[in-house]
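Asker: Spelled out, the chains give:
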Amino acid sequence: MNVPVRLGPAELSLIAQLTGAGASGEAERLAAAGLPTRKVESYHYTDLKTLLRAVPELAGKAEGVSPPALRVAGAYQLMIANGVPQESGTAPAGVIVGTVEGSVLSTRDDVLVRLNSALVKTALRIDLDGSVDPVIQIDRRTEGPAAHAPSAAKIYVGDNASAVILETYSGSDAAHVTNHATYLALGKNAVVTHITVDLSARQATHFATNEYVLAEGAQLRTLVIHAGANVSRTHLFPKFAGKGAHADVTGLNLVSDGQHADITMDANHAVPHTSSKPLFKSIARGRSKAVVQGRLVVARDAQKTDAKLMAQGLMLSDEAEILCKPELEIYADDVVCGHGSTCGQLDEDSLFYLMSRGIPKTEAETLLVRGFLAELIDPIEDAALNEALTAVVDGWLAGK
Amino acid sequence: MTTPMLEIRNLHARIEEREILKGVNLVVPRGEVHAIMGRNGSGKSTLSYVLAGKEDYEVTEGEVLLDGVNILDMDPAERASAGLFLAFQYPIEIPGVATMTFLKAALNAQRKARGEGELSTPDFMRAVKESGKALSIDSDMLKRALNVGFSGGEKKRAEILQMALLKPKMCVLDETDSGLDIDALKVVSEGVNALRDADRAMLVITHYQRLLDHIVPDVVHVFSSGRIVESGDKSLALELEAKGYAGFDEQAA
Numbered sequence: 552m553n554v555p556v557r558l559g560p561a562e563l564s565l566i567a568q569l570t571g572a573g574a575s576g577e578a579e580r581l582a583a584a585g586l587p588t589r590k591v592e593s594y595h596y597t598d599l600k601t602l603l604r605a606v607p608e609l610a611g612k613a614e615g616v617s618p619p620a621l622r623v624a625g626a627y628q629l630m631i632a633n634g635v636p637q638e639s640g641t642a643p644a645g646v647i648v649g650t651v652e653g654s655v656l657s658t659r660d661d662v663l664v665r666l667n668s669a670l671v672k673t674a675l676r677i678d679l680d681g682s683v684d685p686v687i688q689i690d691r692r693t694e695g696p697a698a699h700a701p702s703a704a705k706i707y708v709g710d711n712a713s714a715v716i717l718e719t720y721s722g723s724d725a726a727h728v729t730n731h732a733t734y735l736a737l738g739k740n741a742v743v744t745h746i747t748v749d750l751s752a753r754q755a756t757h758f759a760t761n762e763y764v765l766a767e768g769a770q771l772r773t774l775v776i777h778a779g780a781n782v783s784r785t786h787l788f789p790k791f792a793g794k795g796a797h798a799d800v801t802g803l804n805l806v807s808d809g810q811h812a813d814i815t816m817d818a819n820h821a822v823p824h825t826s827s828k829p830l831f832k833s834i835a836r837g838r839s840k841a842v843v844q845g846r847l848v849v850a851r852d853a854q855k856t857d858a859k860l861m862a863q864g865l866m867l868s869d870e871a872e873i874l875c876k877p878e879l880e881i882y883a884d885d886v887v888c889g890h891g892s893t894c895g896q897l898d899e900d901s902l903f904y905l906m907s908r909g910i911p912k913t914e915a916e917t918l919l920v921r922g923f924l925a926e927l928i929d930p931i932e933d934a935a936l937n938e939a940l941t942a943v944v945d946g947w948l949a950g951k
Numbered sequence: 003m004t005t006p007m008l009e010i011r012n013l014h015a016r017i018e019e020r021e022i023l024k025g026v027n028l029v030v031p032r033g034e035v036h037a038i039m040g041r042n043g044s045g046k047s048t049l050s051y052v053l054a055g056k057e058d059y060e061v062t063e064g065e066v067l068l069d070g071v072n073i074l075d076m077d078p079a080e081r082a083s084a085g086l087f088l089a090f091q092y093p094i095e096i097p098g099v100a101t102m103t104f105l106k107a108a109l110n111a112q113r114k115a116r117g118e119g120e121l122s123t124p125d126f127m128r129a130v131k132e133s134g135k136a137l138s139i140d141s142d143m144l145k146r147a148l149n150v151g152f153s154g155g156e157k158k159r160a161e162i163l164q165m166a167l168l169k170p171k172m173c174v175l176d177e178t179d180s181g182l183d184i185d186a187l188k189v190v191s192e193g194v195n196a197l198r199d200a201d202r203a204m205l206v207i208t209h210y211q212r213l214l215d216h217i218v219p220d221v222v223h224v225f226s227s228g229r230i231v232e233s234g235d236k237s238l239a240l241e242l243e244a245k246g247y248a249g250f251d252e253q254a255a
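As they're listed, the protein sequences go chains F and H.
Residue numbers for the first sequence follow this note's numbering, so the first one is 552 and each next one is one higher.
Residue numbers for the second sequence follow this note's numbering, so the first one is 3 and each next one is one higher.
Warning: the hint list may mix true and false statements.
[As the list claims (entries may be wrong)] EDC-like, lysine to aspartate or glutamate: derived pairs with alpha carbons at most 20 Å apart:
hint	chain 1	residue 1	chain 2	residue 2
1	H	Lys106	F	Glu914
2	F	Lys876	F	Asp598
3	H	Lys145	F	Glu926
4	F	Lys912	H	Glu57
5	F	Lys912	F	Asp869
6	H	Lys56	F	Asp898
7	H	Lys145	F	Glu938
8	H	Lys157	H	Asp140
9	F	Lys612	F	Asp724
10	H	Lys56	F	Glu916
11	F	Lys912	H	Glu80
12	H	Lys236	H	Asp220
13	H	Lys114	F	Glu916
14	F	Lys912	H	Asp58
15	F	Lys590	F	Asp660
16	H	Lys106	F	Glu938
17	F	Lys912	H	Glu95
18	H	Lys169	H	Glu80
19	F	Lys828	F	Glu932
20	H	Lys106	F	Glu916
21	H	Lys56	H	Glu9
22	H	Lys56	F	Glu899
23	F	Lys912	H	Asp77
24	F	Lys600	F	Glu579
25	H	Lys145	F	Asp929
26	H	Lys56	H	Glu80
27	H	Lys171	H	Asp199
28	H	Lys114	F	Glu914
29	H	Lys145	H	Glu132
30	H	Lys157	F	Asp900
31	F	Lys739	F	Asp684
32	F	Lys672	F	Glu638
33	H	Lys157	H	Glu95
34	H	Lys56	F	Glu914
35	F	Lys912	H	Glu120
36	H	Lys169	H	Asp199
37	H	Lys106	F	Asp945
Keep in mind the hints are simulated off the structure, nothing from the lab.
Starting from the given sequences, assemble the full structure and let the hints guide the process.
Answerer: Structure follows, in structure tokens:
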């Protein structure tokens with residue numbers, strides 16, 4: 552029964568780093584279990600033992616920074632460089648920026664959550680109150696030679712407050728392994744848009760865990776975009792903790808030849824009368840893999856939960872692979888929950904129709920792909936932000 | 003003699019192993035409106051798709067000359083820029099693409115292909131508004147995704163709007179009357195008639211005579227078993243309506 556796990560170089564590096572950080576308990580746990588393989592359900596399609604061949608040294612101080620990956624006109628910029636929150640400019644009205652020691656995520660039996668909690672020393676903390684006008688951009692960078700960079704942010708949005716938060720991940724062109732965490736709590740009736748865009752270097756491996764807690768009446772829209780790293784995975788944990796809370800949890804995997812992207816969601820409808828509308832899309836070209844796992848858990852008391860999960864995939868090549876796994880785990884008996892999944896290629900008839908009006912093939916394909924994504928981008932109301940995200944998508948489409 | 007706008011010579015086409023067009027010959031001079039009538043399944047719609055360049059069909063023999071230029075080697079977009087327009091029997095719904103965005107992309111693509119400059123946004127808006135007005139197309143409809151949730155009448159009006167904007171040399175209208183009530187049929191026909199021009203030709207495909215009361219053709223052709231079996235003036239349409247297609251099938255055999 553107790554066959555010792557054969558540890559690879561990635562695991563050995565991580566164990567040494569945990570030990571160095573004084574987290575010997577976590578080090579022992581990792582030594583015993585190893586990185587998760589496809590046998591661990593939540594990593595079934597993203598086998599870390601295979602995908603993570605090596606983990607570089609923990610990041611040192613960032614020396615010089617690369618240009619911002621995404622500029623949004625009028626945004627208030629905050630930066631975390633190589634895991635360390637940086638000094639920021641004067642905060643706009645309703646925004647308090649500071650730091651907090653230790654982990655930001657709730658304790659979970661998840662290796663990336665454990666690593667983040669054990670290795671992050673100082674997290675960025677933001678408190679938002681009232682109607683925050685500018686887009687708050689958290690620009691997370693990993694600079695210099697290949698590094699392992701855990702980072703974290705804890706954001707509190709007050710009752711009745713509203714804000715748009717954009718997180719971008721980028722850095723130098725090196726084989727970084729990043730592990731980012733965000734904890735975002737929404738007060739009563741708070742209205743928040745939270746967008747995370749991975750624009751890491753192509754050699755990089757990007758991990759992110761976003762945890763959301765929604766109080767009564769809170770309205771959340773999220774959008775995860777994977778458009779950078781060779782391997783990317785974002786794990787979303789929305790928790791509906793107050794009556795009337797609603798979230799549009801959305802995400803987009805954009806993968807090209809050789810890439811692997813994974814959006815995994817574990818939504819927790821914990822109380823009665825909450826709703827969610829998770830919508831995830833993937834576009835894959837070349838020999839690539841996109842993964843969407845969506846799990847809706849409805850607690851025994853969470854009557855009148857209304858949750859609909861949708862996963863859609865668009866395959867632009869014969870070698871592309873898109874894997875969608877919806878799961879419903881419902882303990883209440885008076886709910887409306889459902890899930891759907893569709894996958895396919897660009898519709899030939901639509902393509903012919905557009906071309907018959909003189910639109911050349913490549914342009915017609917782009918129009919159709921944009922049409923496929925419109926549901927995700929159109930709801931972003933801030934014009935500058937909408938434009939910036941459209942540019943990310945167009946940039947990916949124009950690339951090979 | 004001037005070059006005809008459309009000349010089809012001995013056109014054969016098949017889908018997979020089934021031959022559908024079996025030697026179509028047709029000449030449509032510029033300025034004229036020709037009608038093709040035929041029963042369901044005679045290959046009329048196939049002819050329109052083959053002209054527009056749909057990939058599913060394989061041309062095995064023959065030529066199609068648009069204003070003297072063979073278009074069979076062109077892809078659908080090139081044919082459109084060369085001046086061919088197909089009004090679809092069933093216009094395709096394109097979710098997520100606003101009608102306005104699509105119209106602008108189409109118009110500018112064709113202008114670019116012909117070496118003309120792009121239209122400025124105000125000029126474009128003006129052109130759309132003008133053409134839209136005659137077809138009772140309001141700005142709300144133009145903001146919606148292309149053909150998504152449009153009624154049958156709205157879809158056909160949108161097709162004619164595209165035709166008016168793109169100003170093709172050769173219009174092929176495939177069963178434009180299908181799915182239209184009499185009022186919508188009038189609006190659409192008036193839209194088409196407004197585009198009749200000495201430098202433009204039209205091929206109207208239908209299996210009902212009633213469309214031809216509104217769009218009066220110069221020549222009527224009867225289509226049966228994959229080719230044209232009879233041609234005549236507009237009275238031929240009335241004869242068909244009275245006798246049915248059966249009398250013409252023998253001539254095809």
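Asker: Now tell me if each hint is right for this structure.
Answerer: Results of checking the hints against the structure:
no.: 1; hint: H:Lys106 to F:Glu914; verdict: 12 Å, holds
no.: 2; hint: F:Lys876 to F:Asp598; verdict: 15 Å, holds
no.: 3; hint: H:Lys145 to F:Glu926; verdict: 15 Å, holds
no.: 4; hint: F:Lys912 to H:Glu57; verdict: 13 Å, holds
no.: 5; hint: F:Lys912 to F:Asp869; verdict: 18 Å, holds
no.: 6; hint: H:Lys56 to F:Asp898; verdict: 13 Å, holds
no.: 7; hint: H:Lys145 to F:Glu938; verdict: 18 Å, holds
no.: 8; hint: H:Lys157 to H:Asp140; verdict: 13 Å, holds
no.: 9; hint: F:Lys612 to F:Asp724; verdict: 17 Å, holds
no.: 10; hint: H:Lys56 to F:Glu916; verdict: 16 Å, holds
no.: 11; hint: F:Lys912 to H:Glu80; verdict: 10 Å, holds
no.: 12; hint: H:Lys236 to H:Asp220; verdict: 7 Å, holds
no.: 13; hint: H:Lys114 to F:Glu916; verdict: 18 Å, holds
no.: 14; hint: F:Lys912 to H:Asp58; verdict: 16 Å, holds
no.: 15; hint: F:Lys590 to F:Asp660; verdict: 15 Å, holds
no.: 16; hint: H:Lys106 to F:Glu938; verdict: 19 Å, holds
no.: 17; hint: F:Lys912 to H:Glu95; verdict: 18 Å, holds
no.: 18; hint: H:Lys169 to H:Glu80; verdict: 15 Å, holds
no.: 19; hint: F:Lys828 to F:Glu932; verdict: 18 Å, holds
no.: 20; hint: H:Lys106 to F:Glu916; verdict: 16 Å, holds
no.: 21; hint: H:Lys56 to H:Glu9; verdict: 19 Å, holds
no.: 22; hint: H:Lys56 to F:Glu899; verdict: 9 Å, holds
no.: 23; hint: F:Lys912 to H:Asp77; verdict: 9 Å, holds
no.: 24; hint: F:Lys600 to F:Glu579; verdict: 17 Å, holds
no.: 25; hint: H:Lys145 to F:Asp929; verdict: 13 Å, holds
no.: 26; hint: H:Lys56 to H:Glu80; verdict: 12 Å, holds
no.: 27; hint: H:Lys171 to H:Asp199; verdict: 9 Å, holds
no.: 28; hint: H:Lys114 to F:Glu914; verdict: 13 Å, holds
no.: 29; hint: H:Lys145 to H:Glu132; verdict: 16 Å, holds
no.: 30; hint: H:Lys157 to F:Asp900; verdict: 16 Å, holds
no.: 31; hint: F:Lys739 to F:Asp684; verdict: 19 Å, holds
no.: 32; hint: F:Lys672 to F:Glu638; verdict: 16 Å, holds
no.: 33; hint: H:Lys157 to H:Glu95; verdict: 9 Å, holds
no.: 34; hint: H:Lys56 to F:Glu914; verdict: 17 Å, holds
no.: 35; hint: F:Lys912 to H:Glu120; verdict: 19 Å, holds
no.: 36; hint: H:Lys169 to H:Asp199; verdict: 10 Å, holds
no.: 37; hint: H:Lys106 to F:Asp945; verdict: 18 Å, holds
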